[in-house]
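Visitor: Listed below, chain by chain, are the residues.
There are 2 protein chains.
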Amino acid sequence: MKKILRVNMTDRTAKFEEVPEKYKLMGGRWLTSSIISDEVDPTCHPLGPNNKLVFAPGIVTGTSAPSSGRISVGGKSPLTGGIKESNAGTATSQMIARLGIKAIIVEGYPEEKGKFWLLKLDKDGAEFLPADEWVGKGLYEVYPVLFDKYGKKVGIISVGVAGEMKMASAGICFNDIDGRPSRYSGRGGLGAVMGSKGLKFIIVDDKGGPGVEIADKEKFNVGRKKLVEAISSHALTKKGGALNTYGTAVLINILSEAGGLPTNNFSSGTFEGAAKISGERIAELCEERGGAGRTGHPCHPGCIIQCSNVYPKPDGTEHVSCIEYESDWAFGANCGIDDLDAIAELIRLCNDYGVDTIEMGGTIAVAMEGGLAEFGDAQKAIELMHEVAKGTPLGRILGNGAAVTGKTLGVVRVPAVKGQNMPAYSPRAIKGIGITYATSTMGADHTAGYTIAPEIAGVGGKVDPLSTEGKVTLSRNFQSTTAYLDATGYCLFIAFPIIDIASGFEGMVESVAGMLGTNWTGDDVGRIGLEIMRMERKFNEGAGLTKVDDRLPEFMKYEPLPPHNQVWDVPDEDLDSLWEF
Amino acid sequence: MKKILRVNMTDRTAKFEEVPEKYKLMGGRWLTSSIISDEVDPTCHPLGPNNKLVFAPGIVTGTSAPSSGRISVGGKSPLTGGIKESNAGTATSQMIARLGIKAIIVEGYPEEKGKFWLLKLDKDGAEFLPADEWVGKGLYEVYPVLFDKYGKKVGIISVGVAGEMKMASAGICFNDIDGRPSRYSGRGGLGAVMGSKGLKFIIVDDKGGPGVEIADKEKFNVGRKKLVEAISSHALTKKGGALNTYGTAVLINILSEAGGLPTNNFSSGTFEGAAKISGERIAELCEERGGAGRTGHPCHPGCIIQCSNVYPKPDGTEHVSCIEYESDWAFGANCGIDDLDAIAELIRLCNDYGVDTIEMGGTIAVAMEGGLAEFGDAQKAIELMHEVAKGTPLGRILGNGAAVTGKTLGVVRVPAVKGQNMPAYSPRAIKGIGITYATSTMGADHTAGYTIAPEIAGVGGKVDPLSTEGKVTLSRNFQSTTAYLDATGYCLFIAFPIIDIASGFEGMVESVAGMLGTNWTGDDVGRIGLEIMRMERKFNEGAGLTKVDDRLPEFMKYEPLPPHNQVWDVPDEDLDSLWEF
Numbered sequence: 001m002k003k004i005l006r007v008n009m010t011d012r013t014a015k016f017e018e019v020p021e022k023y024k025l026m027g028g029r030w031l032t033s034s035i036i037s038d039e040v041d042p043t044c045h046p047l048g049p050n051n052k053l054v055f056a057p058g059i060v061t062g063t064s065a066p067s068s069g070r071i072s073v074g075g076k077s078p079l080t081g082g083i084k085e086s087n088a089g090t091a092t093s094q095m096i097a098r099l100g101i102k103a104i105i106v107e108g109y110p111e112e113k114g115k116f117w118l119l120k121l122d123k124d125g126a127e128f129l130p131a132d133e134w135v136g137k138g139l140y141e142v143y144p145v146l147f148d149k150y151g152k153k154v155g156i157i158s159v160g161v162a163g164e165m166k167m168a169s170a171g172i173c174f175n176d177i178d179g180r181p182s183r184y185s186g187r188g189g190l191g192a193v194m195g196s197k198g199l200k201f202i203i204v205d206d207k208g209g210p211g212v213e214i215a216d217k218e219k220f221n222v223g224r225k226k227l228v229e230a231i232s233s234h235a236l237t238k239k240g241g242a243l244n245t246y247g248t249a250v251l252i253n254i255l256s257e258a259g260g261l262p263t264n265n266f267s268s269g270t271f272e273g274a275a276k277i278s279g280e281r282i283a284e285l286c287e288e289r290g291g292a293g294r295t296g297h298p299c300h301p302g303c304i305i306q307c308s309n310v311y312p313k314p315d316g317t318e319h320v321s322c323i324e325y326e327s328d329w330a331f332g333a334n335c336g337i338d339d340l341d342a343i344a345e346l347i348r349l350c351n352d353y354g355v356d357t358i359e360m361g362g363t364i365a366v367a368m369e370g371g372l373a374e375f376g377d378a379q380k381a382i383e384l385m386h387e388v389a390k391g392t393p394l395g396r397i398l399g400n401g402a403a404v405t406g407k408t409l410g411v412v413r414v415p416a417v418k419g420q421n422m423p424a425y426s427p428r429a430i431k432g433i434g435i436t437y438a439t440s441t442m443g444a445d446h447t448a449g450y451t452i453a454p455e456i457a458g459v460g461g462k463v464d465p466l467s468t469e470g471k472v473t474l475s476r477n478f479q480s481t482t483a484y485l486d487a488t489g490y491c492l493f494i495a496f497p498i499i500d501i502a503s504g505f506e507g508m509v510e511s512v513a514g515m516l517g518t519n520w521t522g523d524d525v526g527r528i529g530l531e532i533m534r535m536e537r538k539f540n541e542g543a544g545l546t547k548v549d550d551r552l553p554e555f556m557k558y559e560p561l562p563p564h565n566q567v568w569d570v571p572d573e574d575l576d577s578l579w580e581f
Numbered sequence: 001m002k003k004i005l006r007v008n009m010t011d012r013t014a015k016f017e018e019v020p021e022k023y024k025l026m027g028g029r030w031l032t033s034s035i036i037s038d039e040v041d042p043t044c045h046p047l048g049p050n051n052k053l054v055f056a057p058g059i060v061t062g063t064s065a066p067s068s069g070r071i072s073v074g075g076k077s078p079l080t081g082g083i084k085e086s087n088a089g090t091a092t093s094q095m096i097a098r099l100g101i102k103a104i105i106v107e108g109y110p111e112e113k114g115k116f117w118l119l120k121l122d123k124d125g126a127e128f129l130p131a132d133e134w135v136g137k138g139l140y141e142v143y144p145v146l147f148d149k150y151g152k153k154v155g156i157i158s159v160g161v162a163g164e165m166k167m168a169s170a171g172i173c174f175n176d177i178d179g180r181p182s183r184y185s186g187r188g189g190l191g192a193v194m195g196s197k198g199l200k201f202i203i204v205d206d207k208g209g210p211g212v213e214i215a216d217k218e219k220f221n222v223g224r225k226k227l228v229e230a231i232s233s234h235a236l237t238k239k240g241g242a243l244n245t246y247g248t249a250v251l252i253n254i255l256s257e258a259g260g261l262p263t264n265n266f267s268s269g270t271f272e273g274a275a276k277i278s279g280e281r282i283a284e285l286c287e288e289r290g291g292a293g294r295t296g297h298p299c300h301p302g303c304i305i306q307c308s309n310v311y312p313k314p315d316g317t318e319h320v321s322c323i324e325y326e327s328d329w330a331f332g333a334n335c336g337i338d339d340l341d342a343i344a345e346l347i348r349l350c351n352d353y354g355v356d357t358i359e360m361g362g363t364i365a366v367a368m369e370g371g372l373a374e375f376g377d378a379q380k381a382i383e384l385m386h387e388v389a390k391g392t393p394l395g396r397i398l399g400n401g402a403a404v405t406g407k408t409l410g411v412v413r414v415p416a417v418k419g420q421n422m423p424a425y426s427p428r429a430i431k432g433i434g435i436t437y438a439t440s441t442m443g444a445d446h447t448a449g450y451t452i453a454p455e456i457a458g459v460g461g462k463v464d465p466l467s468t469e470g471k472v473t474l475s476r477n478f479q480s481t482t483a484y485l486d487a488t489g490y491c492l493f494i495a496f497p498i499i500d501i502a503s504g505f506e507g508m509v510e511s512v513a514g515m516l517g518t519n520w521t522g523d524d525v526g527r528i529g530l531e532i533m534r535m536e537r538k539f540n541e542g543a544g545l546t547k548v549d550d551r552l553p554e555f556m557k558y559e560p561l562p563p564h565n566q567v568w569d570v571p572d573e574d575l576d577s578l579w580e581f
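Protein chains in written order, with my numbering: chain G, 1 to 581; chain D, 1 to 581.
Rather than coming from a laboratory, the hints here were simulated on the basis of the structure. A hint or two may mislead.
A pair counts as met if it fits within one copy or between any two copies, since identical chains are not told apart.
[Unchecked claim] Here are the simulated DSS-like pairs of lysine-lysine, each with C-alpha atoms no more than 30 angstroms apart in a straight line:
| id | residue 1 | residue 2 |
| --- | --- | --- |
| 1 | 22 | 217 |
| 2 | 113 | 380 |
| 3 | 547 | 557 |
| 4 | 557 | 115 |
| 5 | 149 | 219 |
| 6 | 462 | 22 |
| 7 | 24 | 120 |
| 8 | 390 | 380 |
Here the structure is a predicted model, which means the values were calculated and not measured.
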């Protein structure tokens, strides 16, 4: 029987609890958002004693279901002021599941400020150890020491210096399959919440754990196989397909050609240097430079898409893993930087300091707009990143994200929704994703409802990105399906094959139903997804968010974006209608 | 016939317009809030092209009505995100009224960033002149030069360096009777709005202007006399009374004794050093040091209360005018500083740089809480203030107010409502003022509904400050009456005599009715006041503010405040009931 682990940072206790009936079928985002909704006053200060932080593996995480090693982290976000779920792919999620833990709830507040703790979890229980010796250090330095100390096979959850300083761009770091501090629940500043609770690390050792229980193994296996087959045959996700060969950065050229690649702080949709920072170029350099460089790298065991990479330095030694599309764009096109080695370094610094690459790239771009550097000045961007780690006043500004940076510098062009900077798709050129940015409970978030699939990639049929026609329904459908997927633990990229291949969708549904022993069908996907959205929306309303927060920034309404020279023209009433269901 | 002057900063034109019928009886806050409600999209960016800034003298301003030289400034606030009216006492308001100008509406947006303009107004019209030569300079340096250039009798409206940098604590400066840059529409960051429009100065010369018209002179005069008599006989406002003798800082000792003087960033209600920074001590030093020092100084011609002062240096030369209670407290008790000379210097720097003393004192206190200085370290506080003028990253943080400073430094104890720092009364020890802070359309603002009158000063009967009983009604009544008074141009301090002396209230009502030629009675005071509140609330709702924004900061609910050791315990439903009318 799975348990919930309740960790109290006031008195440093950790207790296992029965899983309440209402949570039994939940996992991932469904569970984190439910616990936050049930236990956290939405008006609380996100960094105060009454916020909580919840970790939950997905429903099928820890099983042999393909590409399902996601972990959801939930809490009230210091960045958006609303509910937040941010997920990452990591073996640590699988390990938590195999320890029989359905969720870890971190609550309370340390009496002693500036003191940090390490929580060690294994089959015998939980133990607190002082973590002060690692405070103030980069995670690349710390992780190898921890693996030496606690064993090569443990999982490590951590916050970096940004989380220690309670910065709103701080993410929560998980190790990748090779032990790097490189897989992040990046968005929404949950690292600051963990930091505010004085929790620096959770070390997970699943050795001898009970493993996961599958209620209906036959159904599960039938489903799993169909899904594996669909993933393995879709052009985007198959072995040797676009994602596996070039990584997610395969999108750089595509988006720039579509005029939807936000460039120089969302002032253009085309980046001249696109080819130089493209996924194709990354793959080329991995090949050319050899050594550590590789594409087709998995973020967790059991992933069959394997879209990650290890980017090499010119001499072939490892620089960083990985250069994803969003990170590549954030420090590349959005900062006007066309130098992959500089981008790699900026991403490495984010991983080292514990900040979200999307928020941080967006922040540097706003800082450039505010006159702190010229667009394209990679050296200055790197220097700005160092300020974050040093915690200087400038670093404090930047570390608190693009909206705070814009406010502090008097910059009006801040491409954020609910305080969270937009990811790598320009809403003026791709209307559906703009609707997702505006209406998502998470703030501007592409993963919340990835309409890019039909609008750009032609998945599920191709729709015109510049048209507003039918886009509210499109975004709602993507948002609800995504909310469901975020509950399962499956990687969002299975969306491509399950949208295009009917048996893949069936397989996904069956694997989840088999896992839980339910009779859920495809209809339940939408039902559960909408239920999750509604619950999160209710929390946000309780936190004081209104439909006015479901808007894109004003400048997008009066500033046409080249090359299409379109403004944001989805009527407010249409945005509001997304929530009419 | 009065006109509205519409100033467009896009093409630098200034046009006189007829006053629309609906605005004819309005003045001050009533008029600024009406124009902002009618012309500004509440969702616009406060520093973007679609915000506007409105200046309006009160209804009786420019007449012989006593203590009525207030000017209201309105706009969407960069600090609160809602509507803002901030008023000041200055001869310049009387001059605008005497030029026959009912309101000045500043709109549009300069094409060229970083360029600033001076608008010169006289009986012949309006003219734009470049103001770049004064950019980056302190206002104490600039004002004498401008008076030399434009004549000793002009009025000057300006923003300082903080407004140029669009900082959210920037106020709008008016000259006092001796030409000092010392009377501020300080609260809510309207100086940043003026700065965002590239407007550095408005020079007002009323020579040869048409003057003001009084519709029913007899009624006006009867009312005026009754009001003069009441003001002249009330213990607080009469010549030689408390305010005239000691200035507003007479409240320091009283509040500290009541346990309601926020100390060390609202962590105590009693300040050990109270006597050393009290109004009594200011008066003593003005006497002892002689020279420029004086109390009983008026902020504008025609004020018969005269609560301002000129504070001398030890050698008798002028240090600053004036040390008001709020400013004294903000840099004194709230920063743990008990040195009046240091407080005087901090206030002088605020006047020089163009920032609100309340917000800036609150900000320094939050910065102290965040570890940038020790409470009580006056020298460090002065250094922090210098950063603001220099526009360093630290200065940008501080210049954007307490909430941004708290967010940036990860400080949870930020005593702000709607992003605006609380003034000098602790809501845990004085419940009524807490209700005003929470529910006012303006953010935390004592002047919005000064329940201190009965809760502390015994005006209108004495009520127990620690009791919550009847306080919602009390706050609502004060808020509505104040909204009316803010429309008239009368100083808020006439509230003391008109509450306690029935003929004083009658006189106030008659003077306004006489001015306008209406039959308004005492009943219209509440009617109009509630109408203004309702209108402002509607704007705020449009801007996305909800009842969740009508709350005091969470820490006040769980952190008892010495010496009474009370938490904030007014139920949320009671707060919400304030708006049920």
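Visitor: With reference to the structure, classify each hint as holding or not holding.
Guide: Outcome of the hint check:
{"no.": "1", "hint": "22 <-> 217", "result": "within (23 angstroms within a copy, 75 angstroms between copies)"}
{"no.": "2", "hint": "113 <-> 380", "result": "between (33 angstroms within a copy, 23 angstroms between copies)"}
{"no.": "3", "hint": "547 <-> 557", "result": "both (17 angstroms within a copy, 28 angstroms between copies)"}
{"no.": "4", "hint": "557 <-> 115", "result": "between (46 angstroms within a copy, 25 angstroms between copies)"}
{"no.": "5", "hint": "149 <-> 219", "result": "neither (41 angstroms within a copy, 89 angstroms between copies)"}
{"no.": "6", "hint": "462 <-> 22", "result": "neither (39 angstroms within a copy, 54 angstroms between copies)"}
{"no.": "7", "hint": "24 <-> 120", "result": "within (25 angstroms within a copy, 72 angstroms between copies)"}
{"no.": "8", "hint": "390 <-> 380", "result": "both (15 angstroms within a copy, 21 angstroms between copies)"}
When the structure is compared with the earlier hints, violations turn up for hints 5 and 6 and for no others.
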